[in-house]
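Now for the letters of each chain:
Protein chains: 4
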Amino acid sequence: MTSTTAMSGVIPPVCTPLTPEFEVDTASLTRLLDHLLDGGVDGLFILGSSSEVAFLPDAHRKVVLDTVLGHVAGQVPVLAGVIDMTAPRVLDHVRVAVEAGADGIVATAPFYTRTHPTEIAIHFRTIAAQAGIPLYAYDLPVSVHNKLGADLLLELAAEGVLAGLKDSSGDEAGFREVILGRRDRDLPSFSVLTGSELTVDSALWMGADGVVPGLGNVDPHGYVRLFRAALKGDWAAARTEQERLLRLFGLVHVGGPHMGRGSSALGAFKAALHLRGIIDHPTTALPQIPLDADEIARVGEYLADAALV
Amino acid sequence: MTSTTAMSGVIPPVCTPLTPEFEVDTASLTRLLDHLLDGGVDGLFILGSSSEVAFLPDAHRKVVLDTVLGHVAGQVPVLAGVIDMTAPRVLDHVRVAVEAGADGIVATAPFYTRTHPTEIAIHFRTIAAQAGIPLYAYDLPVSVHNKLGADLLLELAAEGVLAGLKDSSGDEAGFREVILGRRDRDLPSFSVLTGSELTVDSALWMGADGVVPGLGNVDPHGYVRLFRAALKGDWAAARTEQERLLRLFGLVHVGGPHMGRGSSALGAFKAALHLRGIIDHPTTALPQIPLDADEIARVGEYLADAALV
Amino acid sequence: MTSTTAMSGVIPPVCTPLTPEFEVDTASLTRLLDHLLDGGVDGLFILGSSSEVAFLPDAHRKVVLDTVLGHVAGQVPVLAGVIDMTAPRVLDHVRVAVEAGADGIVATAPFYTRTHPTEIAIHFRTIAAQAGIPLYAYDLPVSVHNKLGADLLLELAAEGVLAGLKDSSGDEAGFREVILGRRDRDLPSFSVLTGSELTVDSALWMGADGVVPGLGNVDPHGYVRLFRAALKGDWAAARTEQERLLRLFGLVHVGGPHMGRGSSALGAFKAALHLRGIIDHPTTALPQIPLDADEIARVGEYLADAALV
Amino acid sequence: MTSTTAMSGVIPPVCTPLTPEFEVDTASLTRLLDHLLDGGVDGLFILGSSSEVAFLPDAHRKVVLDTVLGHVAGQVPVLAGVIDMTAPRVLDHVRVAVEAGADGIVATAPFYTRTHPTEIAIHFRTIAAQAGIPLYAYDLPVSVHNKLGADLLLELAAEGVLAGLKDSSGDEAGFREVILGRRDRDLPSFSVLTGSELTVDSALWMGADGVVPGLGNVDPHGYVRLFRAALKGDWAAARTEQERLLRLFGLVHVGGPHMGRGSSALGAFKAALHLRGIIDHPTTALPQIPLDADEIARVGEYLADAALV
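Residue numbers (my numbering), protein chains in the order written: chain A, 1 to 309; chain B, 1 to 309; chain C, 1 to 309; chain D, 1 to 309.
Simulated from the structure, these hints should not be mistaken for lab results. The reader is advised that the hints may include incorrect statements.
Stated by the list, open to error - FRET-style restraints, in silico, Cβ to Cβ: (1) B:Glu159 <-> A:Ala304: 38 to 44 angstroms; (2) A:Asp34 <-> B:Gln130: 32 to 38 angstroms; (3) A:Ala237 <-> C:Pro257: 40 to 46 angstroms; (4) B:Gln130 <-> D:Ala173: 37 to 43 angstroms; (5) A:Gly256 <-> D:Val142: 26 to 32 angstroms; (6) A:Val96 <-> D:Pro117: 41 to 47 angstroms; (7) D:Arg183 <-> A:Ala304: 29 to 35 angstroms.
Said to hold, decoys possible - The calculated SDA-like cross-link candidates involving lysine to any residue, where the alpha carbons are at most 25 angstroms apart (straight line), are: (8) C:Lys62 <-> C:Gly74; (9) C:Lys147 <-> D:His258; (10) C:Lys232 <-> B:Gly233; (11) B:Lys232 <-> B:Thr30.
Built from N, CA and C at the ideal position, the CB exists for glycine as well.
Hey, can you work out the whole structure from these sequences and the hints?
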């Protein structure tokens, strides 16, 4: 079920461009894919949180799957989020993703319902048993309100249930425990990816295989430079690149207190892609609040400071 | 969009019986409906948290809708949960519920995504605009990780967006603020229902219209007696009934520390229905942990103490 | 250690008036005591959260103890908060309170440190063993970040460790479990007091002995009327009074988003006492933000609406 | 108020040895200081969370201050925690610490009370204005239930209010924002210390000045080797040392589910110091649960694996 080499490198969570009528803008999506591939990314993660998966009806999810897998056509592996509340619902998404040709799937622990580590294990085992393609655990406590423990992850890795981890928990000590545990248990094909996009040099230094950076939509070239510098041991260059990206990341805060932090961050990513000429509309899905003209102008300043426009 | 009289009385959130193969057990579901109607309930709420909605794939949700609406056939109003992460996904469930003939729909605030009061308002407005049947807000912070404020609810009620509230927040002061605000703003058709099943006498005393009690699956007659006593002003009888039900409610804790609190509570409700001969299997959906024989025996003791078996 | 009759009635948590130089204003404090006694309160709770105990150095706490116990001189019982992080620190406050002549002490579970139910039990046992006067548990999750369970409380009551409970958790189902458990275990002298000041009629209806209302500083007469109406079984009058007080309670929200919710609530209580001519200054302790003139004016409107000024 | 060079290096938070009667064991404390100084530490932090400050009455705090400052006698700088709920209470501890000769003080944001960023700023300004010695902010959300923002910290650093930060928040992205912000605003004397003891190589790599490791009580030599390796640019050696320390850190989990996580961690540190022959008793303060013999034996295994006994 799991591949023999761990997934690695820069694997951005692909934004989902929308038309002003809130349909998937496939032309923009295709251009975004080209922008990312041109940046040299090593894989793509579609239908994750940065893709606004929580806002996409099943029909939209399918359009994204078909558009991306059709366009990428095997140039890089494509992981597909199958985000839903529990295994029985997740499995419906799995079937669609497998049919569309995804190279792997990404699932969180159960959410909405109150859960327990033993239940989380059953959840992942149930999904893996039916998927037939590699399953990655997505640790995202800010959405799921639950932290995946290192012991649980390593046990599921050893069982062959999990092919990897995308860790967006921000808990670097727990992340390191997974990395060391993988080494101690000799699970080299278990892929350990960080979603903490502001400490990528540090995660790679600890032994992570790669990164899933939301900001990688806006500046894939930067994250690829960072990763390649680390790969060849030029850690000072990796750090300099990361610090530049950290400053650019400030654009997620342009949205005022009249909107949620998700609206601000996703709105800023899309505004940046629009300002860079990659997508046609900065539209985010309902019920998110759009950025106003001033806020978009501030996104532009961040891009200018980073020499991206 | 909203009805002229507020929904009221005892409206249990109907459990979803399952076969050992995890399919919807429609024969048991039909018997459960008869049991509830026999108890004298005033309405039914299907596809809510006590219905394990988070564990039901769309196909199962549709079976539940069709089975219940077909069998109830207008004897009492049926509200259908349309639980999903955000408005665009909720709307798919709304279409199915409307088509099946539901009398109203019940939606939470957005979850999984980080949100904001203004976004919550847009979320409910978007749903109501397309539903064409009454929309009830479901306040369930334990699942949604967000509390609906009284001001927001009353504003949406005044706009005609919301037909009512099912409050499972446990915040009785906030609940009372809604009740008084409804009176002050003269919104008599806005239905205020509590999901706090251990303080129903108190909620009715404050002015609530009704209750949505999970335990009402097990003992609908008890909740109906409680409600009718309150209705005719016999508050002492209502209190005595509530205290008996509070003791019976202890069955939700029979599950040990090796399972989540949801597994314990839903497992106990279903075990009780099984022991009472109403449903064929106490099966709960994956990845929940089933109660073991000892735990089920303890459920039986609670039923015996309450003279229900 | 525990008295034979449960503490009951209206027991306001007494505000601590301050001079503009942030010293305890004993003249104002004395007038506030007279205002409360004139209102007919049944007891006083000093050095609780509404007393700004978290902001009072030990020397100020001692001034409050001496001033209140000297002035009240046995007219009503006085409970003293001994709020600190863990038993060893709490015991220092206990000694001072006992020496000053307090009739009982009020302690929370440990805070700042991560704790456990067994540790909480040891904590209360340690305090009770040395206090020599009745010990009341203070359940205040918003400050302590921990909820006291009904089983733990009843066990400590049965042991004679706890003389009572002040429940400000807002968890009415848990509160009711304590009330029924007290009856089942025949612990009539264990006093069950609610701090949920907007549902007092309901708490008394469930069987609570009394209330510790912060708003009782501003309008003790109202809470005493509420309690006495309930006592003689005139629940409709109790409810009407509670609804009036709920509307008055809106004054706690006058403070804008530039301050914490504590600054707003305590600032409003003190502004109201100042506007009513009872205390000389509306000063709150550092680092709280004072209400501005507009916000104080809005407090005045609430008082006018309640016919208190 | 602030020194011209930033505090740096390994600054362990010194455990507070206790006698079986729960008095400060000054002889053991002195030996622990010698152990740490022998390890080559660059400073000491007394009366912090690892010192069980939440469990120490004021008299014990003073004994610790006098013992440590008398014994260390200027060999390394000593920072003293002044942990209490709000500025007015903190100031009492400040006076004692200053009188005892502490080189700096360490304070958290307000806790127990609900607070606000503007109030936190006033809190720190009030403390700094009266301290007369450098003030360090202690960011510890697990205890304080509040996260100090980078902007607030940098503003207070620029004002000269804060001399440094001890960050135990685990939020490495926020930590890095402080490090870059310090560089951008040219605040080289603002000391940035991490309390995240399992990612010290990474924190130093990002630009942190030092570390405050609880585990440094047990193995100061290890942390000093880690720091010195980083200082001379031998990052691979630093990482190897950190990975060894991460494995040793597993000892904090030996305590079973019958105790709190604090009891387990502090109990393990003290058991290790006892097994290493440095302190006379592994006693932790009430109401913490002591480790049992089996749990202590497991601590011994961790020490043996790390070649420390």
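Results of checking the hints against the structure:
1. Remark: the range hint 38 to 44 angstroms for glutamate 159 of chain B to alanine 304 of chain A is upheld by a beta-carbon distance near 42 angstroms.
2. Between aspartate 34 of chain A and glutamine 130 of chain B the beta carbons are some 35 angstroms apart, a value that agrees with the proposed interval 32 to 38 angstroms.
3. Distance hint check: the CB atoms of alanine 237 of chain A and proline 257 of chain C are about 43 angstroms apart, consistent with the given range 40 to 46 angstroms.
4. The hinted window of 37 to 43 angstroms between glutamine 130 of chain B and alanine 173 of chain D holds, with their beta carbons roughly 39 angstroms apart.
5. Range check, glycine 256 of chain A to valine 142 of chain D: Cβ separation about 30 angstroms, and the 26 to 32 angstroms hint holds.
6. Range check, valine 96 of chain A to proline 117 of chain D: Cβ separation about 45 angstroms, and the 41 to 47 angstroms hint holds.
7. At roughly 21 angstroms, the beta carbons of arginine 183 of chain D and alanine 304 of chain A sit outside the given window of 29 to 35 angstroms.
8. Taken as a hint, the lysine 62 of chain C and glycine 74 of chain C pair is honoured in the structure, with Cα atoms around 18 angstroms apart against an allowance of 25 angstroms.
9. Distance check on the hinted pair: lysine 147 of chain C and histidine 258 of chain D sit about 17 angstroms apart at the alpha-carbon level, within 25 angstroms; holds.
10. As the CA atoms of lysine 232 of chain C and glycine 233 of chain B are separated by approximately 17 angstroms, the hinted pair is consistent with the 25 angstroms bound.
11. At roughly 31 angstroms between alpha-carbon atoms, lysine 232 of chain B and threonine 30 of chain B are farther apart than 25 angstroms, so this suggested pair is violated.
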